[in-house]
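**Q** Okay, here's what each chain looks like letter by letter:
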Amino acid sequence: MLPFFADLVTATDEDRRAFENHPVLLDAVAQGMAVERYRALLLELYHVVWHFNPVCAAAASRMGDPGHEALQPVRHFMYQHMHEETAHETWVLNDLQAIGVDPAASQGHTPGVYTLALNGYNYWAADRRHPCTALGMLYALEVIASVYGGTFSSAIRERLLLDGSAGVSFIESHATMDTQHMADLRVVLNHVKDADSRAAVIESTRVNFHHFTRIIEAI
Amino acid sequence: MPGLLGRPYKTIRLEWSSDLQLLRVRTCVRPIQCYTLAAMGELQQMLNDISANPGLVRHFVMTSDVPRVFNFGGDLALFVLLVRARDVESLKLYGQRCVDLVWWMENAANLGIHTTVLSQGDTLGGGLESVLPFHKVIFERSASGGFPEVLFNLFPGMGAWDFTIRKGGYAVANEMILSGRLFSAEELHYRRLVDVVAEDGEGEEAVERVVHEVDPRHRGTLAALRAQRLAAPIRYETLTAIVEQWAESALGLTDRDLRLMERLARAQARKAGGAAEGAVEELKRMELENAWGERRTGADRRAQAVGDRRTHG
Numbered sequence: 000m001l002p003f004f005a006d007l008v009t010a011t012d013e014d015r016r017a018f019e020n021h022p023v024l025l026d027a028v029a030q031g032m033a034v035e036r037y038r039a040l041l042l043e044l045y046h047v048v049w050h051f052n053p054v055c056a057a058a059a060s061r062m063g064d065p066g067h068e069a070l071q072p073v074r075h076f077m078y079q080h081m082h083e084e085t086a087h088e089t090w091v092l093n094d095l096q097a098i099g100v101d102p103a104a105s106q107g108h109t110p111g112v113y114t115l116a117l118n119g120y121n122y123w124a125a126d127r128r129h130p131c132t133a134l135g136m137l138y139a140l141e142v143i144a145s146v147y148g149g150t151f152s153s154a155i156r157e158r159l160l161l162d163g164s165a166g167v168s169f170i171e172s173h174a175t176m177d178t179q180h181m182a183d184l185r186v187v188l189n190h191v192k193d194a195d196s197r198a199a200v201i202e203s204t205r206v207n208f209h210h211f212t213r214i215i216e217a218i
Numbered sequence: 000m001p002g003l004l005g006r007p008y009k010t011i012r013l014e015w016s017s018d019l020q021l022l023r024v025r026t027c028v029r030p031i032q033c034y035t036l037a038a039m040g041e042l043q044q045m046l047n048d049i050s051a052n053p054g055l056v057r058h059f060v061m062t063s064d065v066p067r068v069f070n071f072g073g074d075l076a077l078f079v080l081l082v083r084a085r086d087v088e089s090l091k092l093y094g095q096r097c098v099d100l101v102w103w104m105e106n107a108a109n110l111g112i113h114t115t116v117l118s119q120g121d122t123l124g125g126g127l128e129s130v131l132p133f134h135k136v137i138f139e140r141s142a143s144g145g146f147p148e149v150l151f152n153l154f155p156g157m158g159a160w161d162f163t164i165r166k167g168g169y170a171v172a173n174e175m176i177l178s179g180r181l182f183s184a185e186e187l188h189y190r191r192l193v194d195v196v197a198e199d200g201e202g203e204e205a206v207e208r209v210v211h212e213v214d215p216r217h218r219g220t221l222a223a224l225r226a227q228r229l230a231a232p233i234r235y236e237t238l239t240a241i242v243e244q245w246a247e248s249a250l251g252l253t254d255r256d257l258r259l260m261e262r263l264a265r266a267q268a269r270k271a272g273g274a275a276e277g278a279v280e281e282l283k284r285m286e287l288e289n290a291w292g293e294r295r296t297g298a299d300r301r302a303q304a305v306g307d308r309r310t311h312g
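Heads up: the sequence lines are chains A and B, in that order.
Going by numbering that gives the first Met the number 0, the first residue of the first sequence is number 0, and it counts up by one from there.
Going by numbering that gives the first Met the number 0, the first residue of the second sequence is number 0, and it counts up by one from there.
Just chain B, same shape as in the assembly (with noise of 0.2 Å):
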């Protein structure tokens, strides 16, 4: 434990309970919380100490210590980099260290480990597909997610199709991933991507309720999910290859996707800044731009097609 607990980690800060071997994990990569290389390889460095101490941790819990920003996602700045550097290995192994952090929650059971994660705020594209995996996933009913990737021409690659689909069924991720749509936290409860939905201020709460009503019954739960995984599971193959298909299209990402993600980034850095709205509120007016651009098209394509005396005299 002093291993585990003694490392200088500056992206995540960990907290135990003995009492009910409990690993909490809190996320503070600032000022904007996403998934970073240097985040990333903490987090592996915790879960690979977790894994070298076996039995040692039976909850596992994960919050976010940045106010109203559960996870933003993938590193946007690192992104453009290496799309203009045409850099599909690095793209390719960016991808792979995201689909080893939830292919280790995919499997948390193997370990005797429940998974429960708790969202305060906005968990988006990547952010959301870090959240699937866990065993619980409560939301706080202001905290809202998606997979807005779509918007500007890419899809969520590591592993949105595949636990969405076995939590939510194929509607349901056809639905959210080509869309790009943002979903409150009820409406993400709806589609059971979220199992509880806490009210505001009420999330550690419910973290508290389900590690104890979990921890009595820990063996026989756990038995279940193991079962439950093998009743439908997900190959890791499959994320690998997902992976290597979101770096090879994020290469033909154009300038214009590019200028969206990069709006997406001033939003991210604006609400960084302490304003009231941030990512979540860009994306809503690229949802809105983008319909509004469609609308424009379909009328042009119908006046053109039926000689529209309005256009054609």
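Bound-form chain A, shown alone (with noise of 0.2 Å):
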């Protein structure tokens, strides 16, 4: 029997390939982004990074539930995981200065719909539906960040003719930490041992990738 992980990259592969060849994202890729739409991203970006803790937390606090013991081990990842990424939106804001967007203007602005949906979603799922779908949202992420970080961040840096890592350093901090972090996080995930818990990765990974290609697209 393979490992759950073989498994989760199999079975949500097309959906991360959905992404990947997304027109948007292909397109900045291959050529960047004018500095208003990457703007208008890291203020989506924003958005998702500040909840990501949170629901972390709410996924956490049900793990070890009468019924969901088995996810102890998962809930101390949790815990972990959390303390590492503690304050990584204000890398965001960073990142929104140094392109000219004022640290209360990032604050302030209203989300759109798909990030607004990603949240709710996640938010939903780790308290109302199953608390491994917050591992879900943490793989899809990860993917994204490790995978295609460093490829879109070489793009920006160069199409908008930053200095260093000002303005991309979230991009492309987080493209190089995630090495170990999906690692480790593969370990977790081969912990995942129910069928209901690993059905619940699997969803919420495909949810998070198409909710990501949704914000990319309307960028």
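Honestly, I wouldn't trust all of these hints.
[Unchecked claim] Here are some of the chain A residues that sit facing chain B, going by a computed Cβ distance under 10 Å:
1. A5
2. R16
3. P22
4. A29
5. A33
6. V34
7. E35
8. H50
9. N52
10. E141
11. V146
12. Y147
13. M181
14. I218
[To be verified] Here are a few chain B residues that face chain A, going by a calculated C-beta distance under 10 Å:
15. T35
16. L77
17. D199
18. A271
[Claimed, not checked] Straight-line distance between alpha carbons at most 20 Å, and here's what the computed SDA-like set of lysine to any residue pairs gives:
19. B:K9 - A:D14
20. B:K91 - B:G200
21. B:K91 - A:N52
By construction, these hints were calculated from the structure, which means they are not laboratory data.
No experiment lies behind these values; they were computed from the predicted model shown.
Where is the CB? At the ideal position from N, CA and C, for every residue including glycine.
Given two chains presented individually in distinct reference frames, assemble the corresponding complex, making use of the accompanying hints.
**A** Below is the structure:
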């Protein structure tokens, strides 16, 4: 029997590729983005990153519930991951400031409908559907960051003539940091044994890839 | 036949010519034509359907529906994902799926099927590996191919060694795999990896000629090809063992190596977006950078070894 991580990769491969092959992302990877569109993207990203830890906290609070006792190791992993991701929304604010958007404006930005839908699903699913949906959110975001973040940030830097990491620090740093995160996540996911938990991870991964693709599409 | 042709494939298109019992497969993984999990799944399903209907197919022809690209080989983003996840099992699984496809091609003569492939564009890495088991390999003149994997510290692990050695010999295999260089259709023909070089736009005619030449001598040709495989056998166990080595090697890729793969992926994206330059041009730049880096390193070593007055006063 295959490890669950292999199943997850296979089951969600076309959702990942739908994100990867979206014309907007392909064009961005090939040629970068105009500064207005990149600002729009980071403004949406700020509101995704801000809610990342609270969603994980909601999920962790349900792991270890009666019926989910086997998820206790996953809950401990979530605590560690939340600690590592603390204040990362500030990096997005810094990048926005580097390209001309002050923090007050960033924090006051009303997210788009797809960002609202993404956050809405992640909170609802972690709290009401199955806590392991948070692992699907984690997996999708780690893949996006570690697999596509490097090429995307290089393209943006070249197009906008940015100096060093200013303006791309969040995406660029997560492209390299998430190397170890991805390996750790694989180990944790392979601990998920029961069919319901696995189905929840796969469903959430697909939903997160889908909504992220819509967010990129709308930029 | 309805079963074989009736499946709702997304990455391949099938055409049937009943007079020749010829199945034509046109691959169309868009926007970047490579061996994705889904594409390999559909190809395997199709091959399983052919195997389940012995005697139905006499000729098998494969081409690409993506202009200027036959196949870029592996799914680079998937590789980066699995390497970063340290997932050697999934890497082996991916490699095994590739090997199962080339193994089917290798044994097609045992199923009574003659195989022909036409490349009209870039045929890189696993893309080139996938054409080598075909009985007849046709490239149009502007098509090119190579095994660039060594440029990012990997190697082609799904049949390149076995099939290149058999077709071109050890020297050609060493030259191609260890250099990472790209070769024109003419150069590949000279090295015996490509059987026919057709002028641009005349590849389809070349395929027709091959099929019509083989058809009246179908039984004899396949008998000879089966004997050829006995004379120069390729073992499934060797292919599988090399996949295992390839997967272990992939885990050793550094951030620099992965960044080179990302450069290649960006180049593929640019070509998919309509740019004139793509992966082939990016690989040529990488080759030059490699060569320039070696020259500078060599000069430094020589200067240190002989106490060069220009650097040591």
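**Q** Of all the hints given earlier, name the ones this structure violates by number, lowest first.
**A** The structure conflicts with hints 5, 6, 7, 8, 9, 14, 17, 20, 21, although it agrees with all the remaining ones.
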